[in-house]
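Enquirer: Here is how the chains run, residue by residue.
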Amino acid sequence: MIDSPALSTPSSHNRRPLSAFGQRFAGRWVFALLLVAGCAVLGLLVLAPLYTLLSKSVENKDGEFVGLDNFAHYLSSGGIESAFFNSLWVAGLSTVIVVFLAFMAAWAITRTRLPFTGWIRGVLVLPILAPSLLPAISLVYLFGNQGVLKSWLFGAEIYGPIGIILGSCFWTFPHALMILLTAMDNADGRHYEAATALKASPWRTFWTVTVPGARYGLVSAAFVVFTLVITDFGVPKVIGGQFDVLATDIYKQVIGQQKFEMGAVISVLLLLPAMLAFVADRYVQRKQSASFTARSVPYKPSHDRRRDAVGALMLTPTLVFIFAIIGMAIYASFVTFWPYNLSLSLNNYDFGRMDGGGWGAYLNSLQMALGTMLIGTALVFFNAWLVERTPQPRLLTGVFQLLSLLPLAVPGLVLGLSYIFFFNHPDNPINFIYGTLFILILSSVTHFYAVSHLTAVTALKQLDKEFEAVGESLKASRWRVLFTVTLPLCLPAILDVALYLFVNAMTTVSAVVFLYGHDSQLASVAVLNMDEAGDIAPAAAMAILITVTCAGAKLLQGVLRFWVDRSTRAWRQGTE
Amino acid sequence: MIQQTQGSRLDIRGVNKFFGDFCALKEINLTIEPGELVCFLGPSGCGKTTLLRIIAGLEQQTAGLLHQGVTDISRKPPKDRDFGIVFQSYALFPNMTVADNVAYGLRSIGMPKPQVASRVSELLAVVGLEDHARKYPAQLSGGQQQRVALARALAPSPGLLLLDEPLSALDAKVRHHLRSEIRSLQKQLGVTTIMVTHDQEEALAMADRVVVMNNGVIEQVGTPLEIYQQPASAFVASFIGAMNFFDSAPVNGQRVRVGNRELDLVRPLPSDQSCVQLAIRPEDVHLLPNGDGEWEGQVESMDYLGAFIRTRVRLSEVELELVVDVDPRSARQLELQVGACVCLNLPSDALHCFAA
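These protein sequence lines are chains L and Y, in that order.
Numbers given in the working numbering equal positions in the first sequence, counted from 1, plus 348.
Numbers given in the working numbering equal positions in the second sequence, counted from 1, plus 6.
Just so you know, these hints were derived from the structure itself, not from any lab.
As a list, the in silico SDA-like pairs of lysine to any residue whose alpha-carbon atoms are at most 20 Å apart: (1) L:Lys809 / L:Thr738; (2) L:Lys813 / Y:Ala175; (3) L:Lys809 / L:Gly746; (4) Y:Lys32 / Y:Asn221; (5) L:Lys809 / Y:Ser95; (6) Y:Lys193 / Y:Gly228; (7) L:Lys813 / Y:Ser95; (8) L:Lys409 / L:His773; (9) L:Lys648 / L:Ala660; (10) L:Lys813 / Y:Gln66; (11) L:Lys813 / Y:Ala144; (12) Y:Lys85 / Y:Gly116; (13) L:Lys823 / Y:Met117; (14) Y:Lys85 / L:Trp827; (15) Y:Lys82 / L:Val378.
Some chain L residues flagged as far from chain Y (calculated, every beta-carbon gap over 12 Å): (16) Val389; (17) Trp467; (18) Val627; (19) Gly746.
Computed spacing ranges between beta-carbons, pair by pair: (20) L:Ala628 / Y:Gly148: 42 to 48 Å; (21) L:Gly900 / Y:Ser147: 41 to 47 Å; (22) Y:Glu128 / L:Pro649: 49 to 55 Å.
Here the structure is a predicted model, which means the values were calculated and not measured.
Positions of the beta carbon are idealized from the N, C-alpha and C atoms, including for glycine.
Given the sequences, and given the hints that come with them, work out the whole structure.
Expert: Now the structure itself:
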């Protein structure tokens with residue numbers, strides 16, 4: 349099916365090496381060309397917009413090249429002292445707190461015999477289903493001017509760094525926890541037995557076995573949290589008050605003052621720490637080798653009441669915090685008129701009465717998330733398959749890997765702004781997609797491409813590397829192997845990627861806040877706009893609606909995975 | 007009896023393979039006769055697997071030609087070649103039943119359903135897995151999985167069967183059993199077979215001819231007996247079985263000097279060299295009661311290995327320690343024990359001589 353007749357016909361008549369050579373490589377060219385196309389798509393979605401952004405940052409309003417004047421201007425305006433360093437220390441402090449809490453939680457889950465760890469895990473990752481605006485709104489209700497627990501702050505203001513840090517901790521916690529759980533779940537029981545045999549105390553075992561085993565996870569979690577916080581826009585927007593950070597600064601320059609070139613300048617400044625964290629994380633990951641081999645024996649914690657109690661103690665503050673934030677948001681969304689009329693009603697869910705797009709925005713969000721899920725999953729898996737399971741020139745796979753991971757280093761706001769520059773340019777032949785749902789889908793697919801790609805690649809790498817070779821010896825094309833073997837085997841990973849894309853597209857604010865149009869308002873942006881307009885309770889209601897939708901999607905995905913697992917149990921038997 | 011087309015003849019001419027600057031295969035020339043079972047044997051990294059993958063078309067040779075029968079397959083993609091392959095990992099499709107795995111290749115060539123079914127049951131009967139047709143690979147033992155992989159590779163009646171370390175993932179007992187099973191199946195079907203292995207015992211037990219490889223070149227091609235009894239190089243001699251090596255100086259065409267003695271050789275020396283290596287297998291050294299032999303020595307250690315005793319004897323007049331395999335009965339007659347003095351002969355027809 350791959351050889352074109354033009355190539356195969358002459359070669360059957362004469363055996364000149366060139367035509368035979370052509371026939372031999374005809375199949376490979378198709379795959380290489382497809383990957384070139386994949387690279388081109390990613391280049392269009394990531395590189396070209398970023399390039400436009402960079403060039404904007406060295407141009408004035410009229411598009412003339414001005415060198416680093418814009419940067420000089422921003423520096424002299426004092427923005428660098430306030431926003432840049434504010435961003436750094438807030439992100440740094442949040443990182444320390446989150447990684448510490450997540451490590452304690454991961455330890456309690458993997459190293460004790462506490463009951464209900466399945467449920468506990470479920471609760472601990474709940475924040476991932478909520479938009480980052482939700483904790484900020486909730487914190488306003490808890491500690492704001494009319495907050496129920498305002499006195500707990502001893503006169504300090506929640507509007508500012510405290511609020512940003514608390515809110516950031518809430519929504520980034522699951523990201524750190526999942527990385528640490530992965531790092532700590534696969535502990536080799538032999539190491540613990542060896543430590544016991546060598547008469548090490550539990551404390552010494554902890555520092556010499558547990559912590560070193562999780563070190564790559566710790567580093568990775570720290571980089572991820574730092575990047576997430578420094579590039580997040582939702583929390584500081586809602587609760588930051590007068591406290592400037594880079595993300596809100598971009599928004600103010602672009603939306604408030606229409607200074608696009610200054611937005612580009614700050615974007616470049618925001619890109620720097622994110623890129624740095626990305627490169628450092630890649631470097632550390634490369635050094636990591638699998639310490640859990642086929643010979644390892646999974647660690648099983650022994651019965652130890654005291655250790656269980658310590659574990660419970662470590663989990664309690666985090667669980668209470670998560671419940672408090674989500675509970676407050678739910679409660680506030682039903683309260684008729686805070687704080688004067690505390691009777692419960694559905695008034696706040698009557699979005700038609702408010703600005704921000706109402707239920708239409710919610711339906712748009714659903715469409716956008718579904719579109720991102722379908723297009724993204726297909727694109728990610730197909731490209732990952734080309735890279736992992738077809739013969740490719742090494743240079744091409746290298747280029748593709750770089751392009752596919754690059755979105756990880758590009759903050760959503762920066763991506764969104766660069767999309768304005770690139771897709772709204774009058775000379776861009778596809779500028780008609782600007783302001784439609786489609787550009788929102790494209791930006792979301794791009795924004796969340798890297799993690800999806802890594803999931804897909806991991807799943808594809810786990811398959812026996814000789815499947816395609818066997819297929820070819822049995823006269824089956826790679827396509828047939830793809831549909832009869834590879835895809836069925838990757839179904840769980842495909843479901844994971846689909847859920848990841850749906851949830852993130854549903855909750856994201858940063859990339860889409862510059863890109864939505866009059867007919868493509870989104871639920872998450874509506875939360876932001878309602879909050880800005882002072883309709884905080886409806887904002888909370890919309891945030892809860894988004895969270896419930898994501899939880900529903902998660903539930904559906906869980907059911908599907910259960911069904912897949914059950915119908916494939918026969919052939920997984922013995923392997924798990 | 008299951009029908010099988012005649013196995014094909016394979017001609018490898020001047021094959022070279024470079025990975026960057028690294029030369030993985032150098033001027034490989036080899037002809038494999040129809041119906042033959044040939045083993046590629048060598049240490050890891052010797053190029054044997056690369057050669058197999060080139061024959062399959064999974065790697066492309068840098069230079070050289072391959073002919074299967076009269077067809078030039080040098081540049082053909084794997085799917086246009088005529089072979090079946092079994093990998094070390096088997097690469098069975100885990101989401102398909104045993105029967106679907108075996109039928110996979112038949113369906114890709116568009117064989118009608120009833121024929122597929124009968125061919126599958128025929129093959130499963132041959133490998134003794136009729137009762138497991140509806141099971142999934144994960145529900146089978148390693149040996150059974152191996153047989154499914156074999157059945158799947160043989161289903162489309164290929165002219166050439168390639169086996170890449172097919173037995174190395176199995177435990178010793180199953181391995182020995184499958185060894186003879188594969189061999190008899192291969193004889194019965196007459197399919198030309200190439201097997202890659204690093205296990206010399208496996209190669210000697212199964213192959214019609216063994217191709218010993220090292221550092222990307224063929225060291226020797228021969229029957230198992232030839233390889234063992236007339237190793238063509240010091241590498242082959244040391245790689246196959248156990249061998250004592252010691253240096254000596256040539257005296258003339260067929261005489262060498264070891265210590266103060268001169269030994270006669272059966273074959274002429276390799277060429278004019280100032281120093282050659284002599285070699286003798288442990289079982290070829292004759293141990294004799296003290297005072298009865300040419301060389302005197304003392305027993306340094308004895309390892310009881312079941313069928314024989316591996317004995318180290320230090321010769322007194324030259325700085326030389328020889329490994330000698332003695333059967334337990336002779337050992338009793340000689341009253342062999344550590345520290346005892348013995349004599350030994352080095353029969354000249356058992357002496358090998360290699361360029362140093």
